[in-house]
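Asks: Listed below are the residues making up each chain.
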Amino acid sequence: MMEAWSQTWDQVWYQLRIELRIGAEVGDQVEEQVWFQVWDEVGMPIQQHVGHPVWSEVWGRIRED
Amino acid sequence: MITELTKEQEEMIPKYVEMGIKIGLATGPEMDEPKVRELTDKHREICGVPKAETFLVYDSPFAAISAHEGLTVYNALYGQHDINWLIFYQFFRAECGLHKETEKIVYLLELAKRTGWMWMNCTTTIVTRRPKFAHFLETKQDTNGTVQTIKVLHNPNGMALEYADGTGIYSLYGTRLSKEYQWLVTENGQYTIERVLTLDNTAIKTLGLRLLGPRALIQVGTAVDEWESPIGGKYVLYEVTINGNNRKYLSGECPSKHEPFCEAVPPDIKTCRAALAWREEEVDLTNYVEPQVRT
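From first to last, the protein sequence lines are chains L and Y. Using the numbering used here, read the first sequence as starting at 1244 and increasing by one per residue. Using the numbering used here, read the second sequence as starting at 15 and increasing by one per residue.
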């Protein structure tokens, strides 16, 4: 059952992110300029301070079960 | 190839940051389910996965994983919590004209504005609602020498992030409390400093001490010096043993606001006068001259 979810996840998220790479159209410097600003200012509060605690709690619950 | 951004494009970056934070921290379990189903089906289609035969909505990620075998944190899509990378691509899509390269984020971005975590398999889509509420504390964070004001999850009175079904997470000052430490919040301050001091986990112990405040700490300390300043003000120096280490705290009354204060001073300090001298940035007590006025 887990394989079914993971297989589709590969298509709708993981492979998708690989395909999304815009390196051919955007120079490294510009990509970094935008990425670092967006990561520092959006990624830190959202992903690390909210998303990750939820991730940890969900993961903890899966292991308890 | 885009090798540099125009001034106008650069000036737009903060707007994307603002938009991203707004989406990522948004709360509210309300959901237009037909619209969300349509968006998830369109996303599946664009990725070569058939439309879902079954579409399920849960109040929280906890409810979803409890109901379905095979759901993990690894095979989820994170909805609003994916916004940091979605907004990165959206910048290039909207501001630099990279439409074709980024066409596959279109529906995920719309879903990020409406949903929490999601799972998809070949026949089923599961979506979860966004949290009911989230409590934050604004704090300073030093990132590679740049000090930023950030919001971290914090609620000393209950869950910091709560979903509509009552599940959620407890967090103090941005640190998640696992089940064994949640009493720091759920007992609503009705616990003793001694109980906090027995905690093995140093990080959690620090959170508990921070929550109780230094005045609670000196209740279990020993007064090692008392002093009344000739210019006014009574001070007491306390010694407290934490994890076998001696800590010193100077307690007194703020001369300007007349509010009690209690703050940590170096552990080798032996007198109130030395502690005051240290606070006033005079390390050598022999050269220390009592000020005419203390504010």
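Quick caveat, the hints were computed from the structure, so don't treat them as lab data. Bear in mind the structure is a predicted one, so any value in this text is a computation, not a measurement. Even glycine gets a Cβ: it sits at the ideal position worked out from N, Cα and C. Check each hint, because a few of them may be wrong.
[Stated by the list, open to error] If you want a taste of the chain Y side facing chain L, the calculated C-beta under 10 Å gives, among others:
#, residue
1, M33
2, S80
3, Y88
4, F106
5, V166
6, N169
7, P170
8, N171
9, G180
10, Y184
11, W241
12, S243
13, I245
14, Y249
15, F275
16, V279
Asks: Flag every earlier hint the structure violates by its number, smallest first.
Replies: Going through the list in order, the structure violates hints 6, 7, 8, 9, 11, 12, 13, 14, 15, 16 and respects the others.
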